[in-house]
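Peer 1: Assemble the whole structure, with the sequences as input and the hints as a guide.
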Amino acid sequence: MPQKPDIGWKIFAGIAGMASAYAVRKTIEFSWKKGTGKEPPMNPEDPNVRLTEALGWAVIMGVGLEVTRVLVSRAAVKQWETSTGALPAHLLKDLKD
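Position 80 of the sequence shown, counting from 1, maps to 93 under our numbering, and the rest follow consecutively.
Worth flagging that the hints you see were computed from the coordinates, not collected in a lab.
Predicted, not measured: the structure shown is a model, and the values here were computed from it.
Check the hints yourself; a few may be wrong.
Okay, derived cross-link-like pairs now, SDA-like style, lysine to any residue, Cα gap no bigger than 25 Å in a straight line [to be verified]: (1) K91 with H103; (2) K46 with A67; (3) K106 with V90; (4) K106 with L84; (5) K23 with S33; (6) K51 with L68; (7) K47 with A34; (8) K91 with R38; (9) K47 with D59; (10) K23 with S86; (11) K51 with A67; (12) K106 with R82; (13) K51 with G69; (14) K23 with G75; (15) K47 with A32; (16) K39 with M55; (17) K46 with M31; (18) K39 with G27; (19) K46 with P57; (20) K23 with T81; (21) K39 with N56; (22) K91 with V76; (23) K91 with Y35; (24) K47 with T81; (25) K23 with L105; (26) K23 with G77; (27) K23 with T97; (28) K51 with V76; (29) K91 with A34; (30) K91 with D19.
Peer 2: Here it is, written out as structure tokens:
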């Protein structure tokens, strides 16, 4: 029988993910401005943006956001387990498989 999705977990994880993504994006934008002296390329497809700048921005944003996602997800699971006494439903399913 399929596991019923845990709505509480989805809301909790969603809020944590959105807040952290916003914060890390602002931090990376600030760091980019300090490091390069320029605004980050908001449209990397623009032909007026150098390819090296567009690729650099893509790599920094991709790595920064993904590392943050993993760290926040793991912290959220620990907090959820502390608060509820159980892992989120999707992780319980993985343990049974």
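Peer 1: Are the hints correct? Go through all of them and say.
Peer 2: Each hint, compared with the structure:
{"no.": "1", "hint": "K91 with H103", "in the structure": "14 Å, holds"}
{"no.": "2", "hint": "K46 with A67", "in the structure": "14 Å, holds"}
{"no.": "3", "hint": "K106 with V90", "in the structure": "14 Å, holds"}
{"no.": "4", "hint": "K106 with L84", "in the structure": "21 Å, holds"}
{"no.": "5", "hint": "K23 with S33", "in the structure": "15 Å, holds"}
{"no.": "6", "hint": "K51 with L68", "in the structure": "15 Å, holds"}
{"no.": "7", "hint": "K47 with A34", "in the structure": "20 Å, holds"}
{"no.": "8", "hint": "K91 with R38", "in the structure": "24 Å, holds"}
{"no.": "9", "hint": "K47 with D59", "in the structure": "22 Å, holds"}
{"no.": "10", "hint": "K23 with S86", "in the structure": "11 Å, holds"}
{"no.": "11", "hint": "K51 with A67", "in the structure": "13 Å, holds"}
{"no.": "12", "hint": "K106 with R82", "in the structure": "21 Å, holds"}
{"no.": "13", "hint": "K51 with G69", "in the structure": "13 Å, holds"}
{"no.": "14", "hint": "K23 with G75", "in the structure": "23 Å, holds"}
{"no.": "15", "hint": "K47 with A32", "in the structure": "23 Å, holds"}
{"no.": "16", "hint": "K39 with M55", "in the structure": "13 Å, holds"}
{"no.": "17", "hint": "K46 with M31", "in the structure": "23 Å, holds"}
{"no.": "18", "hint": "K39 with G27", "in the structure": "18 Å, holds"}
{"no.": "19", "hint": "K46 with P57", "in the structure": "16 Å, holds"}
{"no.": "20", "hint": "K23 with T81", "in the structure": "18 Å, holds"}
{"no.": "21", "hint": "K39 with N56", "in the structure": "16 Å, holds"}
{"no.": "22", "hint": "K91 with V76", "in the structure": "23 Å, holds"}
{"no.": "23", "hint": "K91 with Y35", "in the structure": "21 Å, holds"}
{"no.": "24", "hint": "K47 with T81", "in the structure": "21 Å, holds"}
{"no.": "25", "hint": "K23 with L105", "in the structure": "15 Å, holds"}
{"no.": "26", "hint": "K23 with G77", "in the structure": "22 Å, holds"}
{"no.": "27", "hint": "K23 with T97", "in the structure": "14 Å, holds"}
{"no.": "28", "hint": "K51 with V76", "in the structure": "20 Å, holds"}
{"no.": "29", "hint": "K91 with A34", "in the structure": "19 Å, holds"}
{"no.": "30", "hint": "K91 with D19", "in the structure": "16 Å, holds"}
Hint compliance for this structure: every hint is met.
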